[in-house]
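K.L.:
Whenever a hint applies, use it, and build me the whole structure from the sequences.
Protein chains: 2
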Amino acid sequence: MRQSQLFTKTRREAPSDEVSKNAQLLVRGGYIHKEMAGVYSYLPLGLRVFKKVEQIVREEMNKIGGQEMVMTALQDKEVWEKTGRWDDAVVDNWFKTKLKNDTELGLAYTHEPAITQLMKGYVSSYRDLPTAAYQFQLKFRNELRAKSGIFRLRQFTMKDLYSFSKNQKELDTFYEAAIEAYRAVFNRVGLGDKTYLTLASGGSFGTKFSHEFQTLTSAGEDTIYIHEGRKLAVNKEVYSDETLSELGLRKEDLREEKAVEVGNIYKLGTFYSEPLGLTFKDEAGANQPVIMGSYGIGIDRLIGTAVEVFADDKGIVWPEALAPFRVHLVDLSAGNEEVQKDAQELYRELTEAGVEVLWDDRDVRAGEKFADSDLLGIPLRVIVSQKSLEAGRYECVERASGTAAHKTLSELLSHLRAD
Amino acid sequence: MRQSQLFTKTRREAPSDEVSKNAQLLVRGGYIHKEMAGVYSYLPLGLRVFKKVEQIVREEMNKIGGQEMVMTALQDKEVWEKTGRWDDAVVDNWFKTKLKNDTELGLAYTHEPAITQLMKGYVSSYRDLPTAAYQFQLKFRNELRAKSGIFRLRQFTMKDLYSFSKNQKELDTFYEAAIEAYRAVFNRVGLGDKTYLTLASGGSFGTKFSHEFQTLTSAGEDTIYIHEGRKLAVNKEVYSDETLSELGLRKEDLREEKAVEVGNIYKLGTFYSEPLGLTFKDEAGANQPVIMGSYGIGIDRLIGTAVEVFADDKGIVWPEALAPFRVHLVDLSAGNEEVQKDAQELYRELTEAGVEVLWDDRDVRAGEKFADSDLLGIPLRVIVSQKSLEAGRYECVERASGTAAHKTLSELLSHLRAD
Numbered sequence: 001m002r003q004s005q006l007f008t009k010t011r012r013e014a015p016s017d018e019v020s021k022n023a024q025l026l027v028r029g030g031y032i033h034k035e036m037a038g039v040y041s042y043l044p045l046g047l048r049v050f051k052k053v054e055q056i057v058r059e060e061m062n063k064i065g066g067q068e069m070v071m072t073a074l075q076d077k078e079v080w081e082k083t084g085r086w087d088d089a090v091v092d093n094w095f096k097t098k099l100k101n102d103t104e105l106g107l108a109y110t111h112e113p114a115i116t117q118l119m120k121g122y123v124s125s126y127r128d129l130p131t132a133a134y135q136f137q138l139k140f141r142n143e144l145r146a147k148s149g150i151f152r153l154r155q156f157t158m159k160d161l162y163s164f165s166k167n168q169k170e171l172d173t174f175y176e177a178a179i180e181a182y183r184a185v186f187n188r189v190g191l192g193d194k195t196y197l198t199l200a201s202g203g204s205f206g207t208k209f210s211h212e213f214q215t216l217t218s219a220g221e222d223t224i225y226i227h228e229g230r231k232l233a234v235n236k237e238v239y240s241d242e243t244l245s246e247l248g249l250r251k252e253d254l255r256e257e258k259a260v261e262v263g264n265i266y267k268l269g270t271f272y273s274e275p276l277g278l279t280f281k282d283e284a285g286a287n288q289p290v291i292m293g294s295y296g297i298g299i300d301r302l303i304g305t306a307v308e309v310f311a312d313d314k315g316i317v318w319p320e321a322l323a324p325f326r327v328h329l330v331d332l333s334a335g336n337e338e339v340q341k342d343a344q345e346l347y348r349e350l351t352e353a354g355v356e357v358l359w360d361d362r363d364v365r366a367g368e369k370f371a372d373s374d375l376l377g378i379p380l381r382v383i384v385s386q387k388s389l390e391a392g393r394y395e396c397v398e399r400a401s402g403t404a405a406h407k408t409l410s411e412l413l414s415h416l417r418a419d
Numbered sequence: 001m002r003q004s005q006l007f008t009k010t011r012r013e014a015p016s017d018e019v020s021k022n023a024q025l026l027v028r029g030g031y032i033h034k035e036m037a038g039v040y041s042y043l044p045l046g047l048r049v050f051k052k053v054e055q056i057v058r059e060e061m062n063k064i065g066g067q068e069m070v071m072t073a074l075q076d077k078e079v080w081e082k083t084g085r086w087d088d089a090v091v092d093n094w095f096k097t098k099l100k101n102d103t104e105l106g107l108a109y110t111h112e113p114a115i116t117q118l119m120k121g122y123v124s125s126y127r128d129l130p131t132a133a134y135q136f137q138l139k140f141r142n143e144l145r146a147k148s149g150i151f152r153l154r155q156f157t158m159k160d161l162y163s164f165s166k167n168q169k170e171l172d173t174f175y176e177a178a179i180e181a182y183r184a185v186f187n188r189v190g191l192g193d194k195t196y197l198t199l200a201s202g203g204s205f206g207t208k209f210s211h212e213f214q215t216l217t218s219a220g221e222d223t224i225y226i227h228e229g230r231k232l233a234v235n236k237e238v239y240s241d242e243t244l245s246e247l248g249l250r251k252e253d254l255r256e257e258k259a260v261e262v263g264n265i266y267k268l269g270t271f272y273s274e275p276l277g278l279t280f281k282d283e284a285g286a287n288q289p290v291i292m293g294s295y296g297i298g299i300d301r302l303i304g305t306a307v308e309v310f311a312d313d314k315g316i317v318w319p320e321a322l323a324p325f326r327v328h329l330v331d332l333s334a335g336n337e338e339v340q341k342d343a344q345e346l347y348r349e350l351t352e353a354g355v356e357v358l359w360d361d362r363d364v365r366a367g368e369k370f371a372d373s374d375l376l377g378i379p380l381r382v383i384v385s386q387k388s389l390e391a392g393r394y395e396c397v398e399r400a401s402g403t404a405a406h407k408t409l410s411e412l413l414s415h416l417r418a419d
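These protein sequence lines map, in sequence, to chains A and B. FYI, in our numbering the residues of the first sequence are 1 to 419. FYI, in our numbering the residues of the second sequence are 1 to 419.
If you're looking for bench data, these hints aren't it; they were derived computationally from the structure. Given the structure is predicted, the values throughout are model-derived calculations rather than measurements. Where hints are given, some of them may not hold.
In silico lysine-lysine, DSS-like type, Cα no more than 30 Å apart, as pairs [as the list claims (entries may be wrong)]:
1. A/K34 x A/K314
2. A/K82 x A/K100
3. B/K9 x B/K387
4. B/K100 x A/K147
5. A/K77 x B/K77
6. B/K147 x A/K77
7. B/K100 x A/K258
8. B/K9 x A/K169
9. B/K34 x A/K166
10. A/K9 x B/K166
11. A/K34 x B/K63
12. B/K139 x A/K34
P.N.:
Structure follows, in structure tokens:
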């Protein structure tokens, strides 16, 4: 894409109302736009990143047998009442609204009750189980404070998957598969090294612990205790002598860190299926409640985490899998027609080879182009100038390492194809 | 995909609370699930159709230079107040909600004010214009009645594109390009023949008329008067002697029809840019308000329209571009291992050739499989049975025409590749 055509622009200064690094950089780069505290639009560059993350998560959920669907934001009060979670005294971050006839509706902060109700139409026999469904859908949470950029939003997109099993063993098997799928997601987005499977409180769902995936960052709101050797952690909320002894962990082997929760998985058991009546007939013909699990990844927060973890003092540094473009073609032709033609030709060659290129064809100074390129954080910068034309080689600079190399077109193409 | 793995099931009977044909068939086929009146979830089959439509619309919007983004559902009261449209007496289908501190928020029923406000951050000079941005985003409308299935929803997805121009001529040029893009969309989804560019009231936006795209169907809520020769129509709401004489149309050349609005385009002019202060400096350095246009297509309604228009008494008939799968492989092996192996082999061959196949591998009677296949409406049914194995040819039945042909695997593959 030609950068001159993009309707967004970069900003030198972070808006004064943004305190978090992720929002400061994403707003400055023209990735997102703040509508109000905790509510951001995705601009064209940001949406490209969003779709990359979404597709990675989709592929991994499909691999474990998840079937994609989309539920609704507007939710039925009656269904929530059956699970005792409609009352604002029980759930403190509801957004609610009303039909013209004054019937109250909820704006989904989660979809467990809705999918439990929905599945009653399709699950009746042991032959229908196990199964799993997921969606990418808006969640609304009426957060009292929203100051962490896209870490804690009032409106955000979650991938939420729900599993439905006949018995505990089947749930356990799926749960283990989900852990591996989550590991694959975090590895693919480049956060695997910094992400720990973490024991957390099980909430009100009957099981003692749930699991979170926590990624190390000083911007995180959580404190976790890491065992590096076993690549696991314990959330401060369940960190006690009792927990440690249960897990066979010794305090002196653990390290305290700040982290952000990038995923969570719960064994729901029959918490929703019992009150809502989601049952199946087993092989003996007896009615049994379905055993459920719930598996979430916040897409926005994952993007924010990648920004927090990889950014440097010059701007964003995207891991390749998330970058809006693979190559930033910085065109220093400055009116020189021959150089301009070379830039155009390079853009064509790369695009035809299937490489996503942002071509900075704007009529601005070189210094401004380099500063913007640093801010935007596209993995490989390729500079086209009088010099490159004369040498027959382009200067190629990796955003993450700063490493520069001079490559001919065919060297560049084979480098990009090797990825 | 193996049909036995799909968590949804078909239903013989339409739910008693569905009166519209589109919802009856889509619910029976397991395409959608009703959460409440006017609020439907998309199940795996329905989501496949949804994404087909979305991608067609996306491609056509990209061709006219639209840049994809995503705005938010939660909206700022203050921005709406500046355009005089916050008051429930002015806009009668608002859903509203509140922050914890009692600040009122709106749930987007449209995004004109939001994008006008947003663009103030990026448009300042004539050099920034023209530009256009679009999104696929939820809209919320507090409809008093919602009885037309997915024709009139309380929550739905709209593609809304907004154009920003320096002057009327630039707007007119874009507007014409948008008309052609809309024609391309309706042609590609198979509704081109039945869809008419229709003059409608311009609303409060200063221009006399707006344009709608209306598709003929008895399920439509609108009445239009068609001039077949000129392939245009006049909505009843602006049908008058004065309008006809302005357009050079004679009453006797027009035909009255029921139709559904599948798209609408408006010249907004400065209706939003003036109160919200979206201006640009022209070449002489003077501040001018940006000239805007707005272009909508309701994705859900387009799907519902295709169902209404093409369905027959046996079920849905998808046009190829919208079908969740290209081929329905009806497997009549009924326990015969050789036939089963042949079905599996055929599934593999087709899938490897890039054909999307739903393989009905369920353990149910042939009659039930055929009835479900009719209901689901996949364009080509390929039957694998003892007979096909012996003949070395598969019976291939087109859902739309009922035409049957017997094809070898290679004939079938070349038929599918020819599309």
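K.L.:
Taking the hints in turn, state whether each one holds.
P.N.:
Hint check:
1. A/K34 x A/K314: holds, 22 Å
2. A/K82 x A/K100: This hinted pair holds, its Cα atoms lying about 24 Å apart.
3. B/K9 x B/K387: holds, 28 Å
4. B/K100 x A/K147: Given that 30 Å is the threshold and the Cα spacing comes to 15 Å, the pair holds.
5. A/K77 x B/K77: holds, 25 Å
6. B/K147 x A/K77: Given that 30 Å is the threshold and the Cα spacing comes to 20 Å, the pair holds.
7. B/K100 x A/K258: holds, 28 Å
8. B/K9 x A/K169: Holds, at roughly 26 Å.
9. B/K34 x A/K166: Distance of about 26 Å is within 30 Å: holds.
10. A/K9 x B/K166: This hinted pair holds, its Cα atoms lying about 19 Å apart.
11. A/K34 x B/K63: Holds - the C-alpha atoms of B/K63 and A/K34 are around 28 Å apart, at most 30 Å.
12. B/K139 x A/K34: holds, 19 Å
Checked against the numbered hints above, the structure breaks none of them.
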